[in-house]
Amino acid sequence: MANTKSIISALFDDDDVLLKSIKSIREKGHKIREVYTPFPVHGLDHELGLERTRMAITAFIYGVLGLGVAMTLTYYTMIYDWPQNIGGKPSMTWWKNMPAFVPVLFEMTVFFAAHLMVWTYFVRNDMYPGRKAMNPDPRTTDDMFMMEIECSGDEELLRNLLKEVGAVEINLVSKADEAEALAEA
Amino acid sequence: MYQFPAKLKTISYALIGIGLAALLYGFFAGGADAGHGHGHDNRPWASLLINNFFFLGISLGALFFLAVQYAANVGWSAGILRILEGITSFLPVAGGIMLVIVLASMFHLNHLYHWTAEGIMDPESEHFDSIIHGKKAFLNPLFFILRSVIYIIGWAYAAIVLRKLSLQGDRGTDLTWYNKSIKTSAIFLVFFAVTSSMAAWDWIMSIDTHWFSTLFGWYVFAGIFVSSVTTTALIAIHLKNKGHLPWLNDSHIHDLGKFMFAFSIFWTYLWFSQFMLIWYSNIPEEVTYYMPRFGEFKGLFITMLVMNFIFPLLILMSRDSKRNFGFLSFMGAVMIVGHWLNVYIMVTPGTVGLDWSIGFVEIGTFLGYVGLFIWVVFKRLAAVPLLIQHHPMNKESEHFHI
Amino acid sequence: MHYESPVREPLITGDKSYHDITVDVAKPIETNAPRSWWIAFSVSLIAFLWGIGCILYTIGEGIGVWGLNRTVNWAWDITNFVWWVGIGHAGTLISAVLLLFRQKWRMSINRSAEAMTIFAVVQAALFPGIHMGRIWLAYFVFPIPNQFGSLWVNFNSPLLWDVFAISTYFSVSLVFWYVGLIPDFAMLRDRAIKPIQKHIYGILSFGWGGKAKHWQRFEEVSLVLAGLATPLVLSVHTIVSMDFATSVIPGWHTTIFPPYFVAGAIFSGFAMVQTLLLIMRKMFKMEAYITIQHIEMMNIIIMVTGSIVGIAYITELFMAWYSGVEYEQYAFLNRATGPYWWAYWSMMICNVFSPQLMWFKKLRTSIMFTFIISIVVNIGMWFERFVIIVTSLHRDYLPSSWTMFSPSFVDIGIFIGTIGFFFVLFLLYARSFPVIAQAELKTILKSSGENYKKLQDQNHGEH
Numbered sequence: 005m006a007n008t009k010s011i012i013s014a015l016f017d018d019d020d021v022l023l024k025s026i027k028s029i030r031e032k033g034h035k036i037r038e039v040y041t042p043f044p045v046h047g048l049d050h051e052l053g054l055e056r057t058r059m060a061i062t063a064f065i066y067g068v069l070g071l072g073v074a075m076t077l078t079y080y081t082m083i084y085d086w087p088q089n090i091g092g093k094p095s096m097t098w099w100k101n102m103p104a105f106v107p108v109l110f111e112m113t114v115f116f117a118a119h120l121m122v123w124t125y126f127v128r129n130d131m132y133p134g135r136k137a138m139n140p141d142p143r144t145t146d147d148m149f150m151m152e153i154e155c156s157g158d159e160e161l162l163r164n165l166l167k168e169v170g171a172v173e174i175n176l177v178s179k180a181d182e183a184e185a186l187a188e189a
Numbered sequence: 142m143y144q145f146p147a148k149l150k151t152i153s154y155a156l157i158g159i160g161l162a163a164l165l166y167g168f169f170a171g172g173a174d175a176g177h178g179h180g181h182d183n184r185p186w187a188s189l190l191i192n193n194f195f196f197l198g199i200s201l202g203a204l205f206f207l208a209v210q211y212a213a214n215v216g217w218s219a220g221i222l223r224i225l226e227g228i229t230s231f232l233p234v235a236g237g238i239m240l241v242i243v244l245a246s247m248f249h250l251n252h253l254y255h256w257t258a259e260g261i262m263d264p265e266s267e268h269f270d271s272i273i274h275g276k277k278a279f280l281n282p283l284f285f286i287l288r289s290v291i292y293i294i295g296w297a298y299a300a301i302v303l304r305k306l307s308l309q310g311d312r313g314t315d316l317t318w319y320n321k322s323i324k325t326s327a328i329f330l331v332f333f334a335v336t337s338s339m340a341a342w343d344w345i346m347s348i349d350t351h352w353f354s355t356l357f358g359w360y361v362f363a364g365i366f367v368s369s370v371t372t373t374a375l376i377a378i379h380l381k382n383k384g385h386l387p388w389l390n391d392s393h394i395h396d397l398g399k400f401m402f403a404f405s406i407f408w409t410y411l412w413f414s415q416f417m418l419i420w421y422s423n424i425p426e427e428v429t430y431y432m433p434r435f436g437e438f439k440g441l442f443i444t445m446l447v448m449n450f451i452f453p454l455l456i457l458m459s460r461d462s463k464r465n466f467g468f469l470s471f472m473g474a475v476m477i478v479g480h481w482l483n484v485y486i487m488v489t490p491g492t493v494g495l496d497w498s499i500g501f502v503e504i505g506t507f508l509g510y511v512g513l514f515i516w517v518v519f520k521r522l523a524a525v526p527l528l529i530q531h532h533p534m535n536k537e538s539e540h541f542h543i
Numbered sequence: 182m183h184y185e186s187p188v189r190e191p192l193i194t195g196d197k198s199y200h201d202i203t204v205d206v207a208k209p210i211e212t213n214a215p216r217s218w219w220i221a222f223s224v225s226l227i228a229f230l231w232g233i234g235c236i237l238y239t240i241g242e243g244i245g246v247w248g249l250n251r252t253v254n255w256a257w258d259i260t261n262f263v264w265w266v267g268i269g270h271a272g273t274l275i276s277a278v279l280l281l282f283r284q285k286w287r288m289s290i291n292r293s294a295e296a297m298t299i300f301a302v303v304q305a306a307l308f309p310g311i312h313m314g315r316i317w318l319a320y321f322v323f324p325i326p327n328q329f330g331s332l333w334v335n336f337n338s339p340l341l342w343d344v345f346a347i348s349t350y351f352s353v354s355l356v357f358w359y360v361g362l363i364p365d366f367a368m369l370r371d372r373a374i375k376p377i378q379k380h381i382y383g384i385l386s387f388g389w390g391g392k393a394k395h396w397q398r399f400e401e402v403s404l405v406l407a408g409l410a411t412p413l414v415l416s417v418h419t420i421v422s423m424d425f426a427t428s429v430i431p432g433w434h435t436t437i438f439p440p441y442f443v444a445g446a447i448f449s450g451f452a453m454v455q456t457l458l459l460i461m462r463k464m465f466k467m468e469a470y471i472t473i474q475h476i477e478m479m480n481i482i483i484m485v486t487g488s489i490v491g492i493a494y495i496t497e498l499f500m501a502w503y504s505g506v507e508y509e510q511y512a513f514l515n516r517a518t519g520p521y522w523w524a525y526w527s528m529m530i531c532n533v534f535s536p537q538l539m540w541f542k543k544l545r546t547s548i549m550f551t552f553i554i555s556i557v558v559n560i561g562m563w564f565e566r567f568v569i570i571v572t573s574l575h576r577d578y579l580p581s582s583w584t585m586f587s588p589s590f591v592d593i594g595i596f597i598g599t600i601g602f603f604f605v606l607f608l609l610y611a612r613s614f615p616v617i618a619q620a621e622l623k624t625i626l627k628s629s630g631e632n633y634k635k636l637q638d639q640n641h642g643e644h
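Protein chains in written order, with our numbering: chain A, 5 to 189; chain B, 142 to 543; chain C, 182 to 644.
Don't read these hints as lab results, they were simulated from the structure.
Even for Gly, the Cβ is constructed at its ideal location relative to N, Cα and C.
A portion of the hints provided could be inaccurate.
Stated by the list, open to error - In silico lysine-lysine, DSS-like type, Cα no more than 30 Å apart, as pairs:
no., chain 1, residue 1, chain 2, residue 2
1, C, Lys542, B, Lys305
2, C, Lys463, C, Lys634
3, C, Lys285, B, Lys324
4, A, Lys35, C, Lys392
5, B, Lys321, C, Lys285
6, A, Lys167, C, Lys392
As the list claims (entries may be wrong) - Examples of chain C residues toward chain A, derived with CB under 7 Å:
no., residue
7, Tyr199
8, Met368
9, Asp371
10, Gly390
11, His395
12, Arg398
13, Val402
14, Val405
15, Leu409
16, Ser416
17, Asn515
18, Ile560
19, Ala620
Claimed, not checked - Using C-beta positions, here's what the derived DEER-type ranges look like:
no., chain 1, residue 1, chain 2, residue 2, range
20, B, Lys383, A, Lys27, 27 to 37 Å
21, A, Trp123, B, Asp391, 28 to 38 Å
22, B, Ile543, C, Leu237, 50 to 60 Å
Just chain A, with the same shape it has in the complex (with noise of 0.2 Å):
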């Protein structure tokens, strides 16, 4: 770690504006620590280059295993442990008993998908009833917009640029040696 590091956080107050000054800022070599908006801005992830999200790909395996689950509880219930004539139903088989097992199989699979896919999106995002909110300033929920970057090089160039950008507010959140602990936390 460099020791010229040091935090500034800069505030806009229009998303437009927010989005224009990434491509500069991130051109100056500055890294773009976190960004903190109010509501979803359509295309920020893709500008600040993040990753595709993996959690859609997670419910779908999810649903796989509430799939499987269900096939499995009606094999066992219904075909192997104690298979019943109700109704005319035939139940020598899975195969030939599975339409009325459908209902089932389907709202299975949905409700593994979908609360396994939620519980993996709150550990993921490290949120959980209770925990300290994440957002250094309570103005970024109501129309507000921080951008957080790591300075390396000339701290007044990059607060001058952020100027130039749109930002209304610009703070140092924490020196060299602080930034580094908190890397290191």
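Fit chains B and C to the given chain A structure using the hints.
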């Protein structure tokens, strides 16, 4: 302006030639060996009905989709409306042939509809069927022909009116045509809601005359809609690949892919609802319908389900596959064949029965229809610009991004 | 790019900024309740308490205190159950299906519609519970081996499918709703001045901070949940309809039931959303966000789904005749002209004819008219379920056991109680939750806000 490519035209002529040959073969050469029953004689007629209904459905579904775009103020689709209009131009053609089939059936040139059989409504006759006799108020030749005429004229009229209005959209920025299109579409949708079900009862369900299902009309509609969205996507991809649709981006094609995916599931939902309720209750008068379909047609029936449900479900679920034109075209082709098989299985057990097979007659007729469809639709596409010049949603559609 | 065609009406009226949206959404929570709220709450609470009394009486005495008899062994209880489940469909439909169709107008109404869904499903779930008679044995519905050995629940039974469907639907709707609520709770937390409020909203908001990566995940999770909830919402009423349609009873066994029940559910659900939103809009002065256009859109959906339901009614009638099955034919003849003709025709008038008035723009943009129709539709949908359930049962295959059904005061009391309970929950929600999904709404301000649209049109005109 788009020109109908000479190569495509040649292909379409060749396909039409194959189709005519297949039909001629079916009618004359195939019927040569005597000693077969109605089923055998019906085969070319059934093939004609299957293919004609399938392509009529595609153009009708496109008309429905077009009307929904107007009625619901849809923005993203402005760039594909001309393609939909092109597809609807096949409606009068298929409608005309449908009337020929209907008239031929009513005048006993074939035995597609069991209820037209000799003496079946006559209490004196040995062929008398009291259940079918009970349906006489609805299933009689005069009323049947009249209904068919009403459906086809109504649909064709709506297609023509919408086309005329859209041509005004090329001329100036005045939006009267747009507002009129919204009204026309709303009225058409009401007409369609009633007639699409009734047409399915008439032309398809009455083949298995004893059988009845309240869901049948909606089930047929879902199949029609999937086929026509798929056709739209295929044509859009073709034109886009040739560079004729610069205003369409990946997101538009992606959206069509989503429609293919979603309505495949919807179709399956209706298929399952109808099948499962009949399977579960196991009432003789209803379950007869599924006996041959899970009997001698089982292999075909299951294949059809796999093509129309499992394939789209697994393949079109991912975002990337809907944005890959090659992939989507392949899926489109699978689904077109799948839904053709669906129509085949709806028609064949009640008309051809045990004499069924999918041979030159069926496949040739299908190819002939593909040729005719391409010829009619692309001629229409080449007639005017591929974008309605002053559609109020054009700019919104251009900026469409998902 | 926030471009939107000029032919579209603004969805947020007035000169609103991001901050204004925050303030307007937080206002009902941060200020004292208006008098109208207290009046509505008291009335609902009394109805709820009366309902609790009737439920306790039922549990104590057994379901003999209801009006059921040997022929009509399902009546008000199941009618109410289906009615409430149906109402509980609009919320997920608005938040999921309309999200997939990218309907921006859903954003200022989805939160309350989802809340309504959850509260309606709570009411619905009550009925099968108390209908068991011995509610303390309710755990029998779950697939657990019981004390008689491994005798399992019956997966062939649509009633068991219902257990799975309703519990999945309820829990997934709840989660979907909550995921969307978290950023808005964070907004309330960051604005709160009173420490108690700050603490509570702090717990509820799970530490949300609006990080870019989190928003990215948020959007994908919302989209996947919408994709899952769309078939789910269809499946729930489908399975409810299968409670009837898998049987062999004329009037119940018909293949159109699944999609037709779903259309009916959307129809009644939208009507209830309309009723609630019109009250909320007035009570909390939300006119800038729930505009006449929103009301008009919902009216159009009510009209369309009402027409679909109408077509299904006519299809059923026609097929009953066409089938040639005399029992089918009689079941429908009896519905329309038998002793319950008044229920049938109330249903027809409320559900099929009244929504057709929405073809007139003047009527569908009138608030008073909309309010009346929204209530008429819900009355009609209650009658629909009553007609399906009771008229199919009361004259069965044995004419000697033909009979009529009349509800006891307990039947009526429980029904009124659930309406009270529903409104108690909704009114509490309206005072403590962000009633508009403000974070999402902010995303459309620049494309669909009145002031921004004007600006855009001006710029467009200049070049």
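Hint check results:
The hinted pair formed by C:Lys542 and B:Lys305 meets the criterion: a straight-line CA distance of about 26 Å does not exceed 30 Å. Restraint check for C:Lys463 and C:Lys634: satisfied, since their Cα atoms lie roughly 26 Å apart, inside the 30 Å limit. The hinted pair formed by C:Lys285 and B:Lys324 meets the criterion: a straight-line CA distance of about 23 Å does not exceed 30 Å. Proposed proximity of A:Lys35 and C:Lys392 is supported: the alpha carbons are some 15 Å apart, at most 30 Å.
With a C-alpha separation of about 24 Å, the suggested pair B:Lys321 and C:Lys285 falls inside the 30 Å cut-off, and the hint holds. Only pairs whose Cα atoms come within 30 Å are accepted, and A:Lys167 paired with C:Lys392 is accepted, the gap being roughly 22 Å. With a least beta-carbon distance of about 4 Å to chain A, the hint placing C:Tyr199 at the interface is held under the 7 Å criterion. Of the supplied interface hints, the one on C:Met368 holds, with its beta-carbon coming within about 4 Å of a beta-carbon of chain A, less than 7 Å.
Because the closest C-beta pair between C:Asp371 and chain A is about 4 Å apart, less than 7 Å, the hint holds. Restraint check, C:Gly390 versus chain A: the minimum CB separation of about 3 Å is within 7 Å; hint holds. Among the interface hints, the one on C:His395 holds; its C-beta lies about 5 Å from the nearest C-beta in chain A, closer than the 7 Å criterion. The beta carbon of C:Arg398 comes within 5 Å of a beta carbon in chain A, closer than 7 Å, and the hint placing it at the interface holds.
With 7 Å as the threshold, the beta carbon of C:Val402 comes within range of chain A, its nearest partner Cβ sitting at about 5 Å, so the hint holds. With its C-beta approaching chain A no nearer than about 5 Å, C:Val405 sits inside the 7 Å limit, and its interface hint holds. Because the smallest distance between the Cβ of C:Leu409 and any Cβ of chain A comes to about 5 Å, under 7 Å, the interface hint for this residue holds. The beta carbon of C:Ser416 is positioned within 7 Å of a beta carbon in chain A (closest approach about 6 Å), and the interface hint is therefore held.
Violation of the interface hint for C:Asn515 is found here, the shortest Cβ-Cβ separation to chain A being roughly 26 Å, above the 7 Å cut-off. Of the supplied interface hints, the one on C:Ile560 is violated, with its beta-carbon coming no nearer than about 30 Å to a beta-carbon of chain A, more than 7 Å. With a cut of 7 Å, the hint placing C:Ala620 at the interface with chain A holds, because the nearest CB-to-CB distance is about 4 Å. A C-beta distance of roughly 35 Å is found between B:Lys383 and A:Lys27, which places it inside the suggested range of 27 to 37 Å.
At roughly 33 Å, the beta-carbon separation of A:Trp123 and B:Asp391 lies within the given 28 to 38 Å, and the hint holds. The hinted window of 50 to 60 Å between B:Ile543 and C:Leu237 holds, with their beta carbons roughly 53 Å apart.
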